[in-house]
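**Student:** Chain by chain, the residues run as shown.
Number of protein chains: 2
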Amino acid sequence: MKTMLSNGVLISILLGPLCLAQTSQPSEVNDWKPSTLNQPGQQYPQVNSQRLARFRIVAPQAQSVSVGLGGRGGTPLTKGEDGVWTGTTAGPLDEGFHYYHLTVDGGTFNDPGTLNFYGSTRWESGIEIPAHDQDFYALKDVPHGRVQQILFPSKSTNMSRRAFVYTPPDYDKDQTQRYPVLYLQHGWGEDETAWSTQGHANLIMDNLIAEGKTKPFIIVMTYGMTNDAKIGSINSFNIAPFETVLVNELIPYIDANFRTLSDQPHRAMAGLSMGGMETKTITLKHLDVFSHIGLLSGGSISSDDVKNTPGFAKKVKLVFVSYGSRELGGGPGGGRGGFGGDPKANAEALRQAGINSVFYVSPNTAHEFLSWRRSLHELAPLLFKD
Amino acid sequence: MKTMLSNGVLISILLGPLCLAQTSQPSEVNDWKPSTLNQPGQQYPQVNSQRLARFRIVAPQAQSVSVGLGGRGGTPLTKGEDGVWTGTTAGPLDEGFHYYHLTVDGGTFNDPGTLNFYGSTRWESGIEIPAHDQDFYALKDVPHGRVQQILFPSKSTNMSRRAFVYTPPDYDKDQTQRYPVLYLQHGWGEDETAWSTQGHANLIMDNLIAEGKTKPFIIVMTYGMTNDAKIGSINSFNIAPFETVLVNELIPYIDANFRTLSDQPHRAMAGLSMGGMETKTITLKHLDVFSHIGLLSGGSISSDDVKNTPGFAKKVKLVFVSYGSRELGGGPGGGRGGFGGDPKANAEALRQAGINSVFYVSPNTAHEFLSWRRSLHELAPLLFKD
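Line by line, the protein sequences give chains A and B. Residues 1 to 386 (the numbering used here) make up the first sequence, in order. Residues 1 to 386 (the numbering used here) make up the second sequence, in order.
If a hint is listed, it holds; no wrong ones were tucked in.
All copies of an identical chain are treated as equivalent in the list; a pair is satisfied when it fits inside any one copy or across any two copies.
Calculated cross-link-like contacts (lysine to aspartate or glutamate; reagent style DMTMM-like; alpha-carbon spacing at most 20 angstroms):
{"no.": "1", "residue 1": "173", "residue 2": "211"}
{"no.": "2", "residue 1": "155", "residue 2": "141"}
{"no.": "3", "residue 1": "140", "residue 2": "249"}
{"no.": "4", "residue 1": "173", "residue 2": "249"}
{"no.": "5", "residue 1": "173", "residue 2": "255"}
{"no.": "6", "residue 1": "285", "residue 2": "249"}
{"no.": "7", "residue 1": "344", "residue 2": "304"}
{"no.": "8", "residue 1": "344", "residue 2": "378"}
{"no.": "9", "residue 1": "173", "residue 2": "141"}
{"no.": "10", "residue 1": "215", "residue 2": "378"}
{"no.": "11", "residue 1": "215", "residue 2": "170"}
{"no.": "12", "residue 1": "344", "residue 2": "305"}
{"no.": "13", "residue 1": "317", "residue 2": "304"}
{"no.": "14", "residue 1": "315", "residue 2": "304"}
Hint data in this document are derived by calculation from the structure and do not stem from the laboratory.
Could you build the full structure based on these sequences and the hints that come with them?
**Tutor:** Here it is, written out as structure tokens:
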């Protein structure tokens with residue numbers, strides 16, 4: 001520092017960046033790695049240990065390129081002399097999975113570097129910020145279950161419908177064993193691929209089972225916005241067609257074609273966001289079908305709900321409600337946590353009433369998939385306990 | 001016509017388009033429909049009964065947008081006053097599935113209207129031109145098999161590897177029945193998703209089985225470019241790592257975890273393009289493992305190959321070789337059909353030598369997936385005949 005003090009110019013050069021580092025502009029740590037969701041061989045986008053993301057898009061004649069991630073305005077990219085657009089998010093992103101897209105000269109496109117994931121009723125780019133607890137959904141050297149695509153007949157919609165079915169690792173070993181079933185729903189604008197791709201539901205289960213932390217069970221994931229014609233508009237969403245498909249068609253098909261325990265005590269339903277709303281509506285109406293209920297960032301169940309649903313306390317073995325911490329407002333009624341009442345207070349009221357009620361908050365996550373991966377990880381060990 | 005003749009201006013207006021219709025510019029038939037591979041709710045791209053395709057891309061500030069389909073130069077789009085780019089292919093496309101992408105201001109992007117398919121070592125846009133014979137791979141109201149994702153341990157590559165397994169409709173009904181297995185490989189730049197998405201292998205099998213035209217069998221599809229580090233370069237491709245994964249790891253895993261007939265007479269291998277080359281190399285080296293061989297747009301087997309492979313005539317129950325008609329040149333050695341010699345002549349020579357040798361040509365298709373859908377449809381009924 002002594003030599004610097006003798007040179008005013010040098011001081012100002014050095015103190016400039018130092019000041020910025022103490023305020024809004026942290027100095028970047030140069031440990032960039034390609035996002036794990038990049039297409040094979042693609043180097044960009046990259047993430048570093050500060051949870052910054054940087055992007056690289058080739059579009060030499062473009063006038064403007066920006067990335068819809070990194071705060072309200074997104075991240076504008078700047079064009080280099082080589083015609084390549086680059087830029088880094090102004091601040092750290094939350095841990096976990098994020099959907100995003102590019103805006104190129106006013107048009108919406110995906111980043112050609114990344115894999116695509118179905119969200120917002122379209123296939124979007126995805127980026128993964130490594131989470132400190134990512135081990136629970138990592139692909140490890142443990143016995144793996146399978147994810148199967150099935151096409152089941154649906155008379156009510158006059159078509160074969162698709163579902164994905166997770167069967168636990170030993171499913172094909174012992175042909176006499178039967179398993180409980182969790183029906184697990186995606187959110188608005190997503191589809192039946194979400195839970196086993198961006199959700200890693202299969203890996204979460206494989207790892208929990210390998211550690212002996214959960215009973216093995218089957219998971220069934222199908223498309224929850226059955227009134228396809230209205231795609232893109234949640235306001236026009238009508239649950240009746242999906243309720244029919246799920247309760248009258250899919251469940252009987254699964255029970256006929258998989259080795260399930262097909263009674264109410266061994267059937268659960270859970271869903272994220274809109275899937276949570278579906279779960280609440282359908283389970284409360286069909287308590288002879290479902291015994292375990294999971295609402296992930298998708299409302300909660302109040303004492304009034306219980307009061308208005310005959311047999312609830314006797315028939316329901318678990319009410320699991322979860323949110324990402326960033327979803328919860330300053331108090332009751334605030335933030336997304338608000339619809340249907342304050343979820344924590346509701347959970348506590350149910351517990352006071354003697355119902356097995358669990359409330360979980362995912363730390364430092366928003367209405368995004370890391371909240372839901374963690375929620376499934378918390379929920380699974382609570383299901384189907386005798 | 002009489003009134004037109006009395007008005008020179010009217011005649012020239014009408015004859016203009018008529019002349020064009022007789023030469024290069026056919027008049028468009030206005031029966032446009034969204035491509036069946038569009039993302040949910042997306043209206044563009046569209047195709048009509050003349051096998052033309054038209055595109056619509058929103059990019060108001062872009063300088064140039066073109067589509068890499070429709071002849072050598074692709075299809076340039078033009079910007080309307082609303083900032084929307086539109087254009088129609090200059091001529092008809094072949095029936096079936098085509099990969100493509102957009103060039104927007106010099107950058108490569110996918111069409112936000114379509115689903116993506118893994119080809120050319122990247123996820124590309126896809127469009128489907130309805131084929132006159134598309135019924136054989138249509139989703140129908142017949143019993144459906146399942147496509148399962150499995151993660152199998154691979155010591156040689158020190159990771160869990162992914163494969164997709166098709167099991168026929170009755171697989172879970174009769175737990176005593178065992179099935180033959182076809183190992184089915186994708187082409188260069190594609191991956192293990194290709195055959196069950198753009199290939200419709202599962203639907204082709206479901207339909208054939210429903211019609212009683214093929215024995216039910218299992219199909220296993222895994223990634224064939226095992227030396228991942230060299231992705232994108234076929235010249236550096238080394239088959240040894242894949243051969244180890246397939247023969248020493250995947251096959252034993254499948255035989256241990258599925259109800260297979262695990263002897264040589266009940267095991268086949270087939271592949272398209274590079275997957276055909278892999279099939280030839282691996283089967284000829286392992287005739288105690290495979291009895292049925294299918295090369296789809298991927299070379300052929302010559303009399304010399306037979307001579308150089310001890311036991312060939314006795315061990316091999318079928319050699320199936322196919323090409324799209326547009327792949328075949330004017331004669332021996334011409335076109336793609338050429339590598340490894342003229343495939344038709346080779347097939348005939350094998351037949352003369354008493355080998356069960358079948359040569360199939362898909363009409364009016366090139367090195368694209370309709371050739372391979374049709375080839376699988378021809379191949380399946382020939383497999384595992386006693």
